[in-house]
Amino acid sequence: MALLQISEPGLSTAPHQHRLAVGIDLGTTNSLVATVRNGVAVVLNDAHGHGLLPSVVRYLKNGVTQVGHGAQRQAAEDPYNTIISAKRFMGRGIKDIPDLATMPYQFINAPGMVQIKTVAGVKSPVEISAEILKVLRARAEASLGGELVGAVITVPAYFDDAQRQATKDAARLAGLNVLRLLNEPTAAAIAYGLDNAAEGLYAVYDLGGGTFDISILKLTRGVFEVLATNGDSALGGDDFDRRIYCWILEQAKVHTLDDRDKTLLMARAREAKETLSEHPSAHITVVLSTGEVVNLNLSEETFNEMTASLVNKTLLPCRKALRDAGLTVEEVKGVVMVGGSTRIPRVLAAVGEFFGEGGKCSPLTNLDPDKVVALGAAIQANVLAGNKGGDDWLLLDVVPLSLGLETMGGLTEKIIPRNATLPTARAQEFTTYKDGQTAMSIHVVQGERELVADCRSLARFELRGIPPMVAGAARIRVTFQVDADGLLSASARELGTGVEAHIAVKPSYGLTDDEVARMLQDSYAHAHDDMAARNLAEAQVDGHRLIDATEAALRENGAVLLNDDERARVGKLLAALKLALDGEDLAAVKRATEALNQGTVEFAARRMDSSVKHALTGQRLDALEI
Amino acid sequence: MLDFSRNHFELLGLPVSYALDSARLDQAYRDLQAEVHPDKFAHAFDAEQRLSMQWATRVNEAYQTLRHPFDRANYLLQLQGIHAMDANNTSMPMDFLVRQMAWREQLEAAKAAQDAAALDRLEKTLNTEVREFQALLAEEIDQQRNYPLAADTLRKLRFTDKLLADVGAAYEELG
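Chains A and B, in that order, are what the protein sequence lines are.
Counting in the working numbering, the first sequence runs from 137 upward without gaps.
Counting in the working numbering, the second sequence runs from 54 upward without gaps.
Hint data in this document are derived by calculation from the structure and do not stem from the laboratory.
Do not rely on the hints blindly, as some may be mistaken.
Label pairs and their calculated CB-CB ranges [stated by the list, open to error]:
no., chain 1, residue 1, chain 2, residue 2, range
1, A, Leu236, B, Ala76, 49 to 55 Å
2, A, Asn502, B, Ala165, 44 to 50 Å
3, A, Ile230, B, Ala166, 40 to 46 Å
4, A, Glu584, B, Val151, 43 to 49 Å
5, A, Gly632, B, Ala166, 47 to 53 Å
6, B, Asp168, A, Gly462, 20 to 26 Å
7, A, Ser577, B, Glu192, 46 to 52 Å
8, B, Ala76, A, Ile230, 47 to 53 Å
Think of the CB as a built atom: it goes at the ideal place given N, C-alpha and C, for glycine as much as any other residue.
Can you build the whole structure from these sequences, using the hints too?
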């Protein structure tokens, strides 16, 4: 850090170090990185002064990977190797991707998640997204002058478990420590709410390049509580572009297009859409590879007609979210507009009409819809990294889609309902259906539909070793836990014998640790980096983080909650870890880190108890004052 | 050590009763989450992160249970050792069932006719019924302490709630 830092008076006497943390909006069309600098959230620009990084990755034959504007410029010339909107493929199988025909890529139907064949080999959407994140990480580190402690990465609120896990994997691959996956509308609400000191019920309407979210939030002083969320994780500005693209084909009566022309026409379609946000008509001129010239004029009226069904498609989720929140339109105080696609005049008007039936609720657009998500993520990252500002707030988010499992006949049994506040856990008991059944296959699914076939399959795992009994006698308890990132882990246990099976819901679609290791190897083989050095560096970062956290906890209430012996024991473990960190022995660092982790379990429990007591006493005092 | 033995009311510092000061519940919930939520421990050591998730989960469960009248009543009866929703507890008075069947028919008719106004009317009627059951629960649990009677009322409330949920689903299908 170039700047000297001065700690707040009255706080800890220990040197207060500002921890470098960023918020990253990994978007379908554009991505951004932001941070809090001198108490203000700012988007970090690249050397050319651009804040927005086009989410475009181009793989070249010589092993070089281009990301952003450069890649975007070459898209039409090199359509197979230039991946646009990779976010649409995150955590998705080939059958889940609409409009395959309009895309030039050579898709490979891999189990769980689709992959793309490029000149640099087969790439998964996770690897492609990691390339974007690496560029943003480098930009941030260059701009802030140090290594990042961590990042908050935003995801569409309506992203399911598979898509969230894929995003977290991409961040890991890019060498980022993920402080939290944060829902995009919630991030926007933080940026907006803190900026405007808003109170009451708000809707966040977020129409991005490829995803649509609607979240209903209750803002009270210091609390952002999501009441309900809904959306469509395959609906966005790209679809508006595609409507224009199809219109061009129809008007110009062109039928066969090569892949260069497809990419070119899509780019022109997007430009026309952007023009229509500010002008009543747009001119489209393209010279195709055949030499044919396409020359068309698109009026706003025609554009509105051809996209009316898309706009309407966003209003049904709005209705559903309000219903789930138990609210009527009149109770919503304002609608925050987020995402580049909310610049489309007809979208703005339709949202205004929907929420402003009485004419009193007009859409709020005073923050840049392209930047507000990244800014909110930066503000949250700053707090999560432990840089306490003056004020503190609490963010309560929800599960977007119900989580359940498959029962007899291919039906879904919901275990965690949609809109449950995070973190959440729920257990349910099941039984065997055949005499002597000794194993049970558990199929975890996500979605609202009755039939398993209509829901997203997340994972399958087996519980074996159930003692043979008559059908219906065994009692198997299945427990779902969803953490603050919205990620699910599931476990099953036979209650009679205690036989158990666990799964972090992952392997059926996400990447196994081996796969991530392989990808890391691949990427570092090119960069001539040393895997061992990388591993040691990561372990050292973890070790230092643990020392910081433990010492901070000791300063806070070590003297009260631990006796002399206990304090001495933790002190010894701390000293041992510090010693290990002076050396370069990876195994020793890991061992000492684990020992300190184990040695602080009891301390953690007492600290938590004391916090809970503190909350209750505080609350009782409040009650007395009333 | 981690004390999960407290019941939901104790955890949130509220009296054990069906009648509830919801402003106080909301405040207690927020005060607790402000202390235990994982966002407060994103930079803490592993053991604290794990505990924070468990506590925040527990606080969410307590809050959700107490917040919803049906779940709160059901939980209060459980504290009294009565499992009102057991599968073998299914007997219902005839007049109640007849009324329910009539409402079901109204719902099916409204669905077939795509009649939003009819759904609105039915929803209103059902909401009135729900409020009456809730008032009855308060009386039976807090005043009379007649838990078996409250269990009967709770089962009726469940029927009506289910019907309301189906009305909700019918709205969804109207699009």
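Which hints, by number, does the structure contradict? 4
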